[in-house]
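One letter stands for each residue in the lines below.
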Amino acid sequence: MRLTVDHVTRYVYDRPVRSLVQSHRLQPSVFAGQKVVDWSVTVSGGQKGAAHKDGAGDLVQGWTVAGPVSEIVVAVRGTVETVDLTGVLRGFKEIVAPDCYLRGTTPTRADANLAALAATADGATPLDLAHSLSAVVADAITYKPGVTHAHTTAAEALALGVGVCQDHAHAMIAVARVRGIAGRYVSGYLFSDSDGQAHEAAHAWAELHLPGLGWVGFDPANRTCPDDRYIRLGSGFDAQDAAPIRGIARGGGKEEMDVTVAILQAAQ
Amino acid sequence: MTQFNEMYLGQGQSQSVRSPYARLQDWVAAMPQELRSLKQAEAEALFRRIGITFAVYGEGGDPDRLIPFDMFPRVFAAAEWAKLEKGIKQRARALNAFLVDVYGRGEIIRAGRIPARLVYQNEAYEKAVAGFVPPKGVYSHIVGVDIVRTGPDEFFVLEDNCRTPSGVSYMLESREIMMRMFPDLFRNNRIEPVDGYSEKLRRTLASVAPKKCKGEPTVVILTPGHFNSAYYEHSLLADLMGVELVEGQDLFVDGEYCWMRTTEGPRRVDVIYRRIDDAYLDPLCFRPDSMLGIPGLMDVYRSGGVSICSAPGAGVADDKAVYTYVPEMVRFYLGEEPILKNVPTWQCGKSDDLKYVLDQLPELVVKEVHGSGGYGMLVGPKCSREEVERFRAKIVENPGNYIAQPTLALSSVPTFVEEGVAPRHVDLRPYCLVGERIELVPGGLTRVALKEGSLVVNSSQGGGVKDTWVLAE
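Top line first, the protein sequences correspond to chains P and F. Each residue of the first sequence is one higher than the last, beginning at 0 in numbering that gives the first Met the number 0. Each residue of the second sequence is one higher than the last, beginning at 0 in numbering that gives the first Met the number 0.
Chain P extracted, bound-state conformation (with noise of 0.2 Å):
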């Protein structure tokens, strides 16, 4: 599928900010699944700074804003092709071992709840038990926009029973620990063909490492695996991990922000 994306970040500040440092994974994944036909990102008024590829394979981009300016725009524009590969990231290059995602953090860490939640999942197999484990969250946790915020962890979720996608990820990272599985974020983008499910277009979902596979993602929220209607970017321990954008301004008032998303499909 040919998608084309439209992603548009404006912060605007009550009072001018002094300068702006931000950090990007907003680069698609170069795997097997998607090929980057054309992809630009912009920061107004900004300066590129130093780029990297981490070890976990995601190209990592510094900019930097000198002010003083009162409003910041950050514009991400680009056509991907992409192949439906089940969920299966084949073909991605990274050092980081899958151990390290062991480790719990904060908004990832099961309390007794997600314990038990994750001792109802079952399968023969480790792809099977993955399977479930979405399943059971998405059972336990219905999408509801507006009621979990950015620093929602996964028990706080479960508890409420509602939630957004990054909530799903978190509590599949949860449980998916809990059964000895290493999971991990993902943060990218999500074609809506209208058919009527729910759904974001800047979306997250989860991956797990199994066996025989590597990592697998796994889209509680939408009772899936990424397919050819994903982009994805990065990955990390948790949703501020694997933000696509992270920043701090220096001096400035109140900061205001505003996200526009918009994924098509390109005409072949």
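No lab work stands behind these hints: they were computed from the structure. These numbers come from a predicted model, not from an experiment. Watch out, some of these pointers could steer you wrong.
What the hints assert, rightly or not - Lysine-lysine pairs mimicking DSBU-like chemistry, simulated, CA-CA at most 35 Å apart:
hint: 1; chain 1: F; residue 1: Lys211; chain 2: P; residue 2: Lys34
hint: 2; chain 1: F; residue 1: Lys199; chain 2: F; residue 2: Lys135
hint: 3; chain 1: F; residue 1: Lys213; chain 2: P; residue 2: Lys47
hint: 4; chain 1: F; residue 1: Lys319; chain 2: F; residue 2: Lys199
hint: 5; chain 1: F; residue 1: Lys82; chain 2: P; residue 2: Lys52
hint: 6; chain 1: P; residue 1: Lys52; chain 2: F; residue 2: Lys319
Based on the hints, put chain F in the right spot on chain P.
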């Protein structure tokens, strides 16, 4: 348990003074009580005037309390030091090889020589630097190896400090003060100087400047600020090296480099000797609430724009559970037998070890895996039955959090006390520098347990410091 007094050979009638201490015996004998009290007061006044009052890294306690200084030096013969030096350098090489390996392919884990869990699930393992090899393949540029002695030829490593070991200012200032108070001692003994440390440190730091740096590298020391207990040391080292002492707010990232604000405009920084923890280095990579660090620093670091010493992630090599495997690292990476021995260590997380530890508890020293400063530890033979039982309950509750070691008969060195001179237990922290070359200044920080019979040398537990001499051949 027989204890080795470093000044003497043998016991009772047959006791003789060991040669490194021969001249000191005359010195002590010739010093009247009044002069001694006077000199002791003078030493304390000097320390206080210099303002050196901090606690050694992670030990907590009152930051403004003066750490007692004992005037009786601790002495090593040239041959003794030569062996220690070899052993310390060997260890520093192995620890760095380990760090490059575990952030790379992890061969030592693939070879089954160290459990994956201990490394990859370690809180000090930084995923953010996986795949990165710092300049010259060095992660830990200043390795502080804590060593204890139990006999003329018996040395054990108690722990390694690969992040930012502190206390070197005590080594420098103790010497300075001793030379000022007892110039004759330094004329009559051939004592190796330690004042070359700052120049060696500067050279070491400059030698790991990034490839992108052309010309003479700009080195800075990054401190958390004057409220930090080791601030004195940070400013002393900056002064001695002739480099800027900066806080996070003095540095910023622009484009592909890190810069320092100066009155003449921004100046590029090539090497940062940081005295702050990984978690606070860069809010865009680690703790987002950190105000001490420099936003964007890790992106510059990873792309080779600046060097950070010690390298982020170095802490995974000095964890108390990883410590057990350092001799294995020496064999694996260097193909050599370790020159310095580890203290035999039982990991309470292993069920066989736990059983032994619980059986022998009153005889053992038990420590928290991530603990430091002599807090949260049990010295079995020195504790009451109730204290031992209370500790037993803590171990049973969370075995993985504890390691146990035999109670070592730590060596002692004569020390000035109320009644005159008496033996007190000591340890040693030398500071090994690793850059293009590996260097070790002949000396270190000798900590002394001032309480009679005490085996805990930490300053938070009543420990003091001594000047450490290495005699020339």
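Structure-based check of all given hints:
Distance restraint check for Lys211/F and Lys34/P: the Cα-Cα separation of roughly 32 Å lies within the 35 Å cut-off, and the hinted pair is therefore satisfied. Of the supplied pair hints, the one linking Lys199/F and Lys135/F holds, its CA atoms being roughly 16 Å apart against a limit of 35 Å. The straight-line distance between the Cα atoms of Lys213/F and Lys47/P is roughly 22 Å, inside the 35 Å bound, and the hint therefore holds. Of the supplied pair hints, the one linking Lys319/F and Lys199/F holds, its CA atoms being roughly 29 Å apart against a limit of 35 Å.
A hinted pair counts as satisfied when its Cα atoms are at most 35 Å apart, and Lys82/F with Lys52/P does not qualify at roughly 43 Å. Proposed proximity of Lys52/P and Lys319/F is supported: the alpha carbons are some 32 Å apart, at most 35 Å.
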